[in-house]
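Protein sequences, first through last, are from chains H and U.
Residue 195 in full-length UniProt numbering is what sits at position 195 of the first sequence, and the numbering runs on without skipping anything.
Residue 82 in full-length UniProt numbering is what sits at position 82 of the second sequence, and the numbering runs on without skipping anything.
Hints are computed from structural coordinates only; laboratory data are not their basis.
Don't take every hint at face value.
Pairs count within a copy or across copies, as identical chains cannot be separated in the list.
[What the hints assert, rightly or not] Think about it this way: if two alpha-carbon atoms lie no more than 20 Å apart in a straight line, the pair counts; the simulated EDC-like pairs of lysine to aspartate or glutamate are:
id: 1; residue 1: K258; residue 2: E10
id: 2; residue 1: K258; residue 2: E36
id: 3; residue 1: K258; residue 2: D136
id: 4; residue 1: K258; residue 2: D139
id: 5; residue 1: K258; residue 2: D80
id: 6; residue 1: K258; residue 2: E38
id: 7; residue 1: K258; residue 2: E125
id: 8; residue 1: K258; residue 2: D55
id: 9; residue 1: K258; residue 2: E51
id: 10; residue 1: K258; residue 2: D91
id: 11; residue 1: K258; residue 2: E88
id: 12; residue 1: K258; residue 2: E90
id: 13; residue 1: K258; residue 2: D229
For reference, the chains in residue letters:
Number of protein chains: 2
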Amino acid sequence: MSDGTGVTAETLGSALLANFPGIRFLTRTIPFVASEAEARSVVAGIDADAEAGLDPLLFVTVKNASLRGILSTSRSTVIDLLAGHLTELEDALGVTASEQLGNYHGLGDTDRYFARMRAVEYAIEHDDGQSARALDQADVLIIAPSRCGKTPTTMYLALQHGLRVANYPLTDDDFPTEGLPRAIRAYAGRCFGLTTTPLRLSQVRHERRPGSRYSSLEQCTIELRRAEDLYRRNRVPFLNSATKSVEEMSAVIMQTMKLRA
Amino acid sequence: MSDGTGVTAETLGSALLANFPGIRFLTRTIPFVASEAEARSVVAGIDADAEAGLDPLLFVTVKNASLRGILSTSRSTVIDLLAGHLTELEDALGVTASEQLGNYHGLGDTDRYFARMRAVEYAIEHDDGQSARALDQADVLIIAPSRCGKTPTTMYLALQHGLRVANYPLTDDDFPTEGLPRAIRAYAGRCFGLTTTPLRLSQVRHERRPGSRYSSLEQCTIELRRAEDLYRRNRVPFLNSATKSVEEMSAVIMQTMKLRA
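With the rest of the complex left out, here is chain H (with noise of 0.2 Å):
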């Protein structure tokens, strides 16, 4: 439950969670929390499935302090995922939180929003090979057989970090003897690969086109050990996708490429 959108109580709730794989837990996310009968109304239906046998952990990002003390009279569990850090830290800087929401998925920076607006619309135009317009502005060209991952971790990277992002198919015709595509041979040192394993591909693949040659383990592992060797031959640094979040994909190309901040 958040006064804000829930993107934070939602992904420190998932990541505390993660920790008891052994329990099943049903999640519901209640955005927008803004007046002290929204959050009595929360407590009583909270409250209401405790009575139902269920035990509801109630994951808590709310600045307002009558709305916290309403929501402290619930008989469930309330875990207050900011209020004891931003003690910790008023005691660090040694000044007071403001009053005012400290809203960090509200609009805030506009220079964000339109970096992340031109980064996402940079990737949609250069998803797949598309373009070769701007293709020097790219701040990096993922280059991977089809269905390794590009797209998504393309997205992932312009929405997230606002970086401009190319990706690039290398197909039957695209593994020349030596060097890489034409299309991209000039930003060889901006390119990074994916591939993953034969078996995960196949069967991403099996999705789009059941029963086809595209999907069939042997041209999978033809098109893989192909990619690897020219990555190898290229320096060009690559990942297994096989077991790796589009999350995890992004932040290991980041440091790979010193795109950090």
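Fit chain U to the supplied structure of chain H, relying on the hints for placement.
Only chain U this time, still in chain H's reference frame:
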């Protein structure tokens, strides 16, 4: 600093710092800290920063107790974002947190990965009214005049929530005397409109086409008034994007269209 991607530490750290608007913070993310040597190097780094007159605050999400022990030797402020809440959770659940890395931003859920991948591809295919294919499968259809924020909001909903989102631009040709544009009329119940202020729209459009009629305050005023009339006449819920972040717009859309889990 994190033993994983750093996404949780970034999100919560930024939410906390937003409460101290009078102080300017430099931020740096240190992901994938896995060994005692790396932890010691982080401590040495921030303690050197402190010597140099900076005032480092280290936000930490690290699972391993011996790494956390090393971090606590720092003379700088170290704020552990997980440990305290994990203890609260252990008490509430009556079980001990897993010794395994509870890796929320790890791959974990293959289904979630596929859902995100498909949703991002759907969003790219249906950006800016480009395709009418499978429009009946959209969870939500965002409509608005050009440059009101359709595309980044669409991508955020796809990437973070795995929703199928199409978006459709309202252009001069699309203002019939009544009803919604023909291409989307069948999906009126799934439409959500965006509007903004004429001044902001003019500013955003000016970025793309400076000094054009398209970016003039007069044209922007006309288009926004017509769009809002269209939303009202057709009972399409809408919001003003001028003062909202992508996260906020997405949260409002999910709540309004009942797309919350």
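Which of the stated hints cannot be reconciled with the structure, identified by number in ascending sequence? 2, 5, 7, 8, 9, 10, 11, 12, 13
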